[in-house]
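Q: Residue numbers (our numbering), protein chains in the order written: chain B, 129 to 578; chain H, 125 to 261.
One or more hints might be untrue.
[What the hints assert, rightly or not] Facing chain B, from chain H, some residues (calculated, C-beta under 7 Å):
#1 A132
#2 F140
#3 T142
#4 I147
#5 L149
#6 N176
#7 P192
#8 A221
#9 F222
#10 S225
#11 P247
#12 S251
Please keep in mind that the hints were generated in silico from the structure rather than gathered at the bench. Keep in mind that this is a model prediction, so the values were computed, not measured. Cβ coordinates follow ideal geometry from the N, Cα and C atoms, glycine included.
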Amino acid sequence: MSPADQHIGKRYLATALVLLCLGLIFGLMAGIFYLFPGFGNYALDFRYWRPMHVSAVVFWIILGATGCVYSGLDFFQPLHSPALARLQWYLWLFAIVGIYYSYLKGDFGGREYWEFNPVWALPIALAWLLFLVNFIKSVRKIAQWPVYVWMWMTGLLFFLFSFTENYLWVFPYFREHFVTDTTIQWKVNGSLVGAWNQLLYGTAFFLMARISKNSGLGHSRLAFGMYFLGLFNLMFNWGHHIYTLPTDTYVRYTGYMVSMTEWVFFARIVYNWRQSVTDIQKHYYHFPYRFLMAADIWVLINLSQAIMMSIPAVNLYTHGTHVTVAHAMGTTIGINTMILLAACFEFLIGKNNVLNASNKWLNGCFWVIQAALFIFWLSLNIAGVKKGIWQMSEPQLPFSKMMESLKIWFSVFVGSGVILATALFTLGFVLLRFQWTVSVSRKRVVDSKE
Amino acid sequence: MILKPALAFSLLSVAFLTFSLSIYLKPGFVAAALGVEKDKASAGRLVWQKYNCQSCHQLYGLGGYLGPDLTNVYSMPGKGENLIRALLITGVVQMPAFQMSEKETDHLIEFLKQTDASGSADPRGFSILSSGMTIRK
């Protein structure tokens, strides 16, 4: 295998970092247009910026997770076909360019979170199929799969299934029945998030085992128990998104009951807390570990919120409010992005580099991200609670008056968002610059040998 | 060792596929809402997506947060078909004036008529049971 083949994971991580930086810029524009809808009379309004932001961030997570799986595999199993992985990358590039071209032309046509013209879903699905084939052919020779291999395989398989299911609406049979169509839409959204979480939690598991040098972690009964509970939730807990939709009672009760099993995750985190504190002290100066610990704390915060929101009586007040946005942002930034940043620092920079130890600037960025994210999350929750009270009140103020009363919290949200984005952008830039420098010097070495 | 996780994975997958199938088959057993032309409503859903209405508006509390929930806008006192048609042409402060064709407007209105006929999205219309579940009053 050539060095370029060995570094396919890094190519995905670098691409994902570029998308993160773009997503942050688009997110800021969306935030400004949310606060000042007529801002600057630009040709692109909120309807354009929101999908551009969401797609960039979703692709940051998906391509980042792909990079993590390839980089992780590199440590214990040769990749079946680096050529397939490269073809997969070109398909992604083709899809991303096409998607942004169609957004700028105002050619939407897709569903929420996947607003692009559905034709661009084809190269993504094909890229994912290549990924699945390459992965299974790579790991099939391993006699006993550690839990993170199971998690990666599950994430890959269920992403492909749910992504295909995401386009059932193109058939009139599904689209003509509004309630079923919407039920499937939220089944898909729930499962897709569950699928990329399997890829990322698998990565977090792999990194933990690697940093703590405890390979037994990946084979423990408890780890497999937690994996199957996660899989069970991926498959059946999505009903908690649609309690107000007049769908079948069994769908609503299944969502409710399965969601309540997440208390087990909660109990496990609380039970392990003392051990986690000791580990933090031990590995505090290793940057990737610190991001994993931050992700753990955000898991606790977001899991508590998710469990509460999954109780239909509570959901009645939070559904359709900014509490849901707070939860979505809290999980994508607090959990997914923290795990991905941990992976980027570990896989791109390497264990012994000084950037992974005590860099003052990076340390500052880390803490600014945590503080700004907390204010960001809190302001959305406060706006959400106020909207929840409004939507249950009788008589009700007009929608525009209610939105006007929330403006102060939206200002806090945008202000903290600017700080958060600046700090994340700085980290993204540092990682990309490092990767660029390494690539250029590697190329020089290869050229000089030739 | 690999067999045990593989067996558990297979059993869960079969349960998941059965659950999914029960949802996919539903439209075949349910009659269309009275007074709604399902072909037009189905085309209207595509218009909703083409103009990315979901960026700002919700249906059953699902969607964007800039504008109001439109599930029952068709039958809401003081709103309804005429206001929808007018707003699509003129726009309001946050919402641009859309250049929709008359056919697209008709389809979109049929879609909103369908969402309205499917039920109420007003959370005040629910009661809370002792189990924590909610049901329509």
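Q: Compare the structure with each hint and give your call.
A: Evaluation of the provided hints:
1. A132: Interface hint status for A132(H): holds (6 Å vs cutoff 7 Å).
2. F140: holds, 4 Å
3. T142: For T142(H), the interface hint is violated, since the closest Cβ of chain B sits about 11 Å away, which is over 7 Å.
4. I147: Nearest chain B Cβ about 6 Å off; hint holds.
5. L149: Hint violated; L149(H) Cβ to chain B Cβ min 9 Å, cut 7 Å.
6. N176: holds, 4 Å
7. P192: Result: holds, 4 Å to nearest chain B Cβ.
8. A221: violated, 12 Å
9. F222: violated, 10 Å
10. S225: At about 15 Å, which exceeds the 7 Å cut-off, the nearest Cβ of chain B leaves the hint on S225(H) violated.
11. P247: holds, 5 Å
12. S251: violated, 10 Å
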